[in-house]
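Novice: Below are the chains, spelled out letter by letter.
2 protein chains.
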Amino acid sequence: MRGTLIYGPGDVRSETRDDPTIIDPTDAIIRVSASCVCGSDLWDYRGINKVTEPTPMGHEYVGIVEEIGQDVQHVKPGQFVVGSFFASDNTCEICRAGFQTSCVNRQYAGAGGAQAEYLRVPLADGTLVATPEVPSDDLLPSLLAASDVLGTGWFGAVAAGAGPGKTVAVVGDGAVGLLGILAAKELGAERIIVFSRHADRQALAKEFGATDLVVERGDEGAAKVKELTDGLGAHSVIEAVGTQESMLQAIRSTRPGGNVGYVGVAHDVSLPGEELFFSHVQLLGGPAPVRRFLPDLIDRIWTGRINPGKVFDLELPLSDVAEGYRAMDERRAVKALLRP
Amino acid sequence: MRGTLIYGPGDVRSETRDDPTIIDPTDAIIRVSASCVCGSDLWDYRGINKVTEPTPMGHEYVGIVEEIGQDVQHVKPGQFVVGSFFASDNTCEICRAGFQTSCVNRQYAGAGGAQAEYLRVPLADGTLVATPEVPSDDLLPSLLAASDVLGTGWFGAVAAGAGPGKTVAVVGDGAVGLLGILAAKELGAERIIVFSRHADRQALAKEFGATDLVVERGDEGAAKVKELTDGLGAHSVIEAVGTQESMLQAIRSTRPGGNVGYVGVAHDVSLPGEELFFSHVQLLGGPAPVRRFLPDLIDRIWTGRINPGKVFDLELPLSDVAEGYRAMDERRAVKALLRP
Numbered sequence: 001m002r003g004t005l006i007y008g009p010g011d012v013r014s015e016t017r018d019d020p021t022i023i024d025p026t027d028a029i030i031r032v033s034a035s036c037v038c039g040s041d042l043w044d045y046r047g048i049n050k051v052t053e054p055t056p057m058g059h060e061y062v063g064i065v066e067e068i069g070q071d072v073q074h075v076k077p078g079q080f081v082v083g084s085f086f087a088s089d090n091t092c093e094i095c096r097a098g099f100q101t102s103c104v105n106r107q108y109a110g111a112g113g114a115q116a117e118y119l120r121v122p123l124a125d126g127t128l129v130a131t132p133e134v135p136s137d138d139l140l141p142s143l144l145a146a147s148d149v150l151g152t153g154w155f156g157a158v159a160a161g162a163g164p165g166k167t168v169a170v171v172g173d174g175a176v177g178l179l180g181i182l183a184a185k186e187l188g189a190e191r192i193i194v195f196s197r198h199a200d201r202q203a204l205a206k207e208f209g210a211t212d213l214v215v216e217r218g219d220e221g222a223a224k225v226k227e228l229t230d231g232l233g234a235h236s237v238i239e240a241v242g243t244q245e246s247m248l249q250a251i252r253s254t255r256p257g258g259n260v261g262y263v264g265v266a267h268d269v270s271l272p273g274e275e276l277f278f279s280h281v282q283l284l285g286g287p288a289p290v291r292r293f294l295p296d297l298i299d300r301i302w303t304g305r306i307n308p309g310k311v312f313d314l315e316l317p318l319s320d321v322a323e324g325y326r327a328m329d330e331r332r333a334v335k336a337l338l339r340p
Numbered sequence: 341m342r343g344t345l346i347y348g349p350g351d352v353r354s355e356t357r358d359d360p361t362i363i364d365p366t367d368a369i370i371r372v373s374a375s376c377v378c379g380s381d382l383w384d385y386r387g388i389n390k391v392t393e394p395t396p397m398g399h400e401y402v403g404i405v406e407e408i409g410q411d412v413q414h415v416k417p418g419q420f421v422v423g424s425f426f427a428s429d430n431t432c433e434i435c436r437a438g439f440q441t442s443c444v445n446r447q448y449a450g451a452g453g454a455q456a457e458y459l460r461v462p463l464a465d466g467t468l469v470a471t472p473e474v475p476s477d478d479l480l481p482s483l484l485a486a487s488d489v490l491g492t493g494w495f496g497a498v499a500a501g502a503g504p505g506k507t508v509a510v511v512g513d514g515a516v517g518l519l520g521i522l523a524a525k526e527l528g529a530e531r532i533i534v535f536s537r538h539a540d541r542q543a544l545a546k547e548f549g550a551t552d553l554v555v556e557r558g559d560e561g562a563a564k565v566k567e568l569t570d571g572l573g574a575h576s577v578i579e580a581v582g583t584q585e586s587m588l589q590a591i592r593s594t595r596p597g598g599n600v601g602y603v604g605v606a607h608d609v610s611l612p613g614e615e616l617f618f619s620h621v622q623l624l625g626g627p628a629p630v631r632r633f634l635p636d637l638i639d640r641i642w643t644g645r646i647n648p649g650k651v652f653d654l655e656l657p658l659s660d661v662a663e664g665y666r667a668m669d670e671r672r673a674v675k676a677l678l679r680p
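These protein sequence lines are chains A and B, in that order. FYI, the numbering for the first sequence is 1 to 340, going by the numbering used here. FYI, the numbering for the second sequence is 341 to 680, going by the numbering used here.
Rather than coming from a laboratory, the hints here were simulated on the basis of the structure. Accuracy of the hints is not assured; some may be wrong.
Now the in silico label distances, taken between C-beta atoms and shown as ranges [claimed, not checked]:
{"#": "1", "chain 1": "B", "residue 1": "Tyr448", "chain 2": "A", "residue 2": "Glu275", "range": "40 to 48 Å"}
{"#": "2", "chain 1": "A", "residue 1": "His198", "chain 2": "B", "residue 2": "Gln410", "range": "55 to 63 Å"}
{"#": "3", "chain 1": "A", "residue 1": "Glu207", "chain 2": "B", "residue 2": "Val391", "range": "51 to 59 Å"}
{"#": "4", "chain 1": "A", "residue 1": "Asn105", "chain 2": "B", "residue 2": "Asp478", "range": "40 to 48 Å"}
{"#": "5", "chain 1": "A", "residue 1": "Lys206", "chain 2": "B", "residue 2": "Val444", "range": "56 to 64 Å"}
{"#": "6", "chain 1": "B", "residue 1": "Trp642", "chain 2": "A", "residue 2": "Asp219", "range": "30 to 38 Å"}
{"#": "7", "chain 1": "B", "residue 1": "Val444", "chain 2": "A", "residue 2": "Pro25", "range": "31 to 39 Å"}
{"#": "8", "chain 1": "B", "residue 1": "Ser610", "chain 2": "A", "residue 2": "Tyr7", "range": "53 to 61 Å"}
Computed from a prediction, not measured in an experiment: that's the story for all the values here. Glycine included, C-beta positions come from ideal geometry on N, C-alpha and C.
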């Protein structure tokens with residue numbers, strides 16, 4: 001099959017690889033209908049995460065179940081499924097509490113690389129959610145978004161306590177931040193402030209429900225949010241970047257008693273305890289338990305209520321995956337969709 | 341009047357000072373019935389917080405209202421009142437959300453020093469809560485505890501999500517930690533694990549509701565909590581110390597999706613972002629909004645349901661305040677009560 005490997009910074013290649021096979025009886029093999037490039041893939045591409053050997057890439061996927069292991073009971077061959085980037089049993093105490101990405105039997109679902117024609121998904125019953133039927137082609141981008149960026153933005157909004165009457169601020173105007181806006185809007189937020197200085201992203205932010213734009217960053221950005229909220233700060237702040245600056249910007253944009261939902265994968269972040277203590281800001285974040293939200297998200301997409309697939313502004317054949325990375329790295333694209 | 345000043349590390353003096361007077365029309369003057377020495381006072385006493393000039397000490401108090409400013413409407417002279425260490429208007433948006441210690445008009449209620457015969461309390465209507473009548477002498481210690489250590493332990497338990505079916509762990513066996521145990525028990529926790537290696541504190545911990553004792557600290561202590569909880573960690577952890585070690589011990593004792601309520605005043609704490617991200621642990625802490633809980637706490641004390649005053653294991657005349665600091669510094673006492 002065709003698959004994607006990263007060899008080092010800036011060096012992503014589409015190559016012929018062995019087809020995956022069932023290893024554990026709880027596995028499923030899916031024929032990937034679409035996958036994509038994640039903002040977090042760029043950490044490797046930019047050399048910030050060290051790549052020590054050629055590594056399969058991709059952890060966002062939708063597709064048709066080809067084959068199942070003998071212990072798989074709920075997922076059937078022929079079904080169209082959406083998965084999440086961590087495989088989970090969905091039965092342990094942690095999963096039942098809604099934190100499937102910390103499942104006691106968690107495995108990385110992208111280990112085989114989802115930017116490929118086929119993917120082995122461990123713990124298929126606990127990881128994959130089937131759609132009512134095989135979707136029409138126009139739903140593919142939105143269903144693919146559900147597998148990570150929408151689920152992650154949604155978790156950010158939930159963790160930030162977004163809801164009716166709330167003012168939500170969003171740090172980061174990448175795909176996750178943009179879908180955090182959509183999530184906040186769906187959850188009933190009254191006002192949604194987005195930090196963005198890119199015209200194309202601002203336009204999509206507004207379409208998804210942003211009511212206010214702030215172009216300032218860091219402490220200036222936080223001051224602007226306070227100015228917009230009677231000096232108090234937002235109730236709920238979604239952090240979708242993962243740097244020291246973005247975390248402090250998020251915390252400092254939040255009112256006392258408010259919440260930060262942080263979903264940007266943290267890199268070299270160190271939080272000052274004294275400031276956090278006196279801020280009265282509540283923090284919850286981490287790898288989004290997308291599985292918790294998938295049935296609801298699929299339903300909202302299936303019924304046409306939301307169209308998160310709009311974050312894909314570039315579509316490429318799988319063999320051109322390298323151009324997808326380049327375009328996102330150079331900010332020519334928000335998010336690149338790949339079709340085998 | 342007699343009041344208490346700190347001059348430098350280890351140097352606390354009982355002196356004659358001017359009686360406080362009404363300054364703002366929202367002030368009240370109270371005749372202090374009892375005050376006490378706080379664990380956080382020891383940061384100054386031990387030279388960890390720098391003392392640059394003689395400073396009035398004490399921020400925990402109960403007493404009789406002597407005089408009120410012309411704008412005070414709800415508090416009346418002759419009433420017995422319990423206050424909190426931050427004065428709050430209790431009407432702003434932040435107060436109404438339950439974070440009175442971040443009130444937009446917040447003032448430090450201990451500015452005049454509560455380890456004294458009289459105290460000026462700003463924003464009296466929003467800060468002081470009157471008891472149904474002047475209490476009998478045996479209720480004094482518990483009502484005094486409500487003004488800080490009980491309210492703080494209670495906030496720690498609430499912030500940690502303690503409740504029915506939950507396993508709660510408590511880091512810190514000082515007065516706040518011990519009353520965090522009492523709070524967790526009152527809130528319905530199923531199991532309460534306390535980190536403690538002092539026999540007298542262990543005994544009180546058990547009396548307040550602790551079910552398990554752990555003598556190990558740091559990562560060994562966290563490992564012990566995991567061992568006691570099927571490898572998962574506690575649902576809710578109350579942090580009542582405020583050091584780097586205690587914060588990490590708290591975070592590492594918590595299961596994914598669980599909560600840390602941290603109420604030990606943070607000193608030189610720096611939280612590793614990556615670890616926090618992947619821990620899935622929710623954090624809420626800060627100066628306890630005691631005012632939020634006071635009516636409920638007073639009721640529980642008044643009806644004899646709880647007896648938090650047991651944390652006072654030393655009672656001294658106000659003039660012997662220095663011995664109170666010494667005894668707590670040397671861990672000869674958990675908490676010293678002072679009577680004018």
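Novice: Taking the Cβ atom of A/Glu207 and the Cβ atom of B/Val391, is their distance within the range 51 to 59 Å?
Specialist: 57 Å, holds
Novice: Does the beta carbon distance between B/Ser610 and A/Tyr7 stay inside 53 to 61 Å, or does it fall outside?
Specialist: This hint is violated: roughly 36 Å between Cβ atoms.
Novice: Hint says 30 to 38 Å; check whether the CB-CB distance for B/Trp642 and A/Asp219 agrees.
Specialist: For B/Trp642 and A/Asp219 the Cβ distance comes to about 47 Å; the hint is violated.
Novice: Please test the hint of 40 to 48 Å on the beta carbon pair from A/Asn105 and B/Asp478.
Specialist: Taking Cβ atoms as reference, A/Asn105 and B/Asp478 lie about 55 Å apart, which means the hint is violated.
Novice: Could you see if the CB distance from A/His198 to B/Gln410 stays within 55 to 63 Å?
Specialist: With a Cβ separation near 56 Å, A/His198 and B/Gln410 satisfy 55 to 63 Å, so the hint holds.
Novice: For the range 40 to 48 Å, tell me whether the beta carbons of B/Tyr448 and A/Glu275 fit it or not.
Specialist: At 18 Å between Cβs, range violated.
Novice: With 56 to 64 Å as the target window, see if A/Lys206 and B/Val444 comply at their CB atoms.
Specialist: 31 Å, violated
Novice: Has the hinted range 31 to 39 Å been met by the Cβ atoms of B/Val444 and A/Pro25?
Specialist: Given about 60 Å between the Cβ atoms, the range is violated.
Of the numbered hints listed earlier, those contradicted by the structure are 1, 4, 5, 6, 7 and 8.
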